[in-house]
Amino acid sequence: MIDSPLARFSPFLAFARNNLSRARARTILAMAGITIGVVAIASLGMFGATLEQSFMGTADDAIRTVGVGPGEDSEFGLLRREQVAEIERYAGNGDVYTLSRGRARVTGLQQTTSASLVSVSDPEVFVTAESGQIPRNWRSGVAIGNELAETLGVQPGDSVQVNGESRRVVAVLAESSRASFVSTGDAVVLPPGELGDGASQVLIRAETPQQAFAISDRIDKNLNSERRSRYSVFDAESALERFNQQIGLIRTFLLAVGGISLLVASVSILNVMLMSTIERKEEIGVLRAVGYHRLDIVKLMLYEAALLGVVGSIFGVFISIGLGMVMNAQLLSDPLAFSGQALQYTVLGFLFGTGASFLSGLYPAWKAANARPVEALRD
1 MIDSPLARFS PFLAFARNNL SRARARTILA MAGITIGVVA IASLGMFGAT LEQSFMGTAD
61 DAIRTVGVGP GEDSEFGLLR REQVAEIERY AGNGDVYTLS RGRARVTGLQ QTTSASLVSV
121 SDPEVFVTAE SGQIPRNWRS GVAIGNELAE TLGVQPGDSV QVNGESRRVV AVLAESSRAS
181 FVSTGDAVVL PPGELGDGAS QVLIRAETPQ QAFAISDRID KNLNSERRSR YSVFDAESAL
241 ERFNQQIGLI RTFLLAVGGI SLLVASVSIL NVMLMSTIER KEEIGVLRAV GYHRLDIVKL
301 MLYEAALLGV VGSIFGVFIS IGLGMVMNAQ LLSDPLAFSG QALQYTVLGF LFGTGASFLS
361 GLYPAWKAAN ARPVEALRD
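Everything in the sequence shown is counted per the working numbering, starting at 1 for the first residue and increasing by one.
Treat the hints as calculated values from the structure; they're not laboratory data.
Among the hints, a few may not be true.
Label-pair distances were calculated between CB atoms; the ranges are [to be verified]:
1) Val-257 <-> Gly-198: 47 to 57 Å
2) Ala-256 <-> Val-326: 14 to 24 Å
3) Leu-323 <-> Glu-194: 42 to 52 Å
4) Ser-21 <-> Ile-319: 20 to 30 Å
5) Asn-93 <-> Ser-339: 23 to 33 Å
6) Asp-95 <-> Asp-217: 10 to 20 Å
No experiment lies behind these values; they were computed from the predicted model shown.
Each residue gets a CB set at the ideal place from its N, CA and C atoms; glycine is no exception.
Whole structure, please, built from the sequences with the hints as guidance.
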């Protein structure tokens with residue numbers, strides 16, 4: 001065998017590397033197949049995990065919030081003080097806020113448009129200023145959603161007409177989460193209490209999603225009955241369950257696609273190993289004639305298959321991590337924001353790649369080991 005540090009460490013590994021290097025083009029194509037399969041499994045699985053991480057990050061506040069409004073059978077159109085107090089009794093340790101909504105014609109520097117009006121009892125909890133600042137004791141002026149500010153062509157310090165009344169813009173708001181109870185992109189946010197005494201909705205913010213789900217159940221059981229729905233109670237539990245089911249289906253589909261890619265790669269390795277067995281029939285016959293046992297031939301062929309799988313899988317893992325960084329930058333705004341679940345898919349892809357290669361080498365190894373030495377030399 002070859003005299004090298006690798007040969008001294010593992011003669012079979014050195015022999016396997018030498019044999020694969022003799023058919024370089026075929027070896028590269030087989031490795032490429034494994035690499036593609038690993039990338040398919042790892043990167044597609046990471047995409048599902050990153051998508052879930054993105055949703056959970058943006059919807060964290062919404063998941064911890066319970067929204068309560070007038071129900072189908074309510075005798076009230078808005079929530080007055082007595083209704084808010086009734087809801088608050090079952091809010092437990094959750095923080096209670098009121099939210100009022102309306103519509104108005106808003107005129108800016110560039111045009112006039114219809115916009116939603118929002119007033120919440122504690123604006124700083126639900127909205128964030130992108131530019132400008134929301135005053136602590138907010139009494140005058142308005143805050144404008146970033147989409148509406150762009151449409152109107154205004155910025156903090158400018159004035160807008162809200163239903164004919166001139167109001168100063170104190171802040172332009174950052175984009176709100178799609179799952180947020182308070183959507184501000186195209187809204188005008190007014191100081192607390194400016195939309196009257198009645199609230200469109202009561203929002204209860206809990207510390208954890210589990211507490212929010214418990215508050216929701218408690219309010220529904222105590223304030224509603226089977227025959228009469230006085231309050232409409234919404235939490236994110238059912239939406240979260242549907243999302244998890246959808247993510248599970250997406251992840252299963254993506255992994256199936258990756259598995260098919262890896263199956264194709266396994267067939268390619270099987271073909272490479274069978275061709276190698278046929279081409280090296282005399283060489284294998286010589287090895288058997290000089291004393292190599294069947295097990296030695298099996299080990300040699302399996303080392304070749306495993307080497308193809310390990311190297312191809314390593315390339316696949318690095319490419320998958322690179323693609324994962326691109327996905328993280330787009331969905332999480334941080335290329336290195338890998339979750340533990342996302343990284344597990346790189347390990348899964350590597351194991352699948354090496355395992356598939358090893359299994360693909362079993363039949364060629366058995367076929368080579370069972371060739372009769374005399375017949376191999378005669379051919």
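Hint compliance check: list the failing hint numbers for this structure, sorted ascending. Going through the list in order, the structure violates no hint and respects every one.
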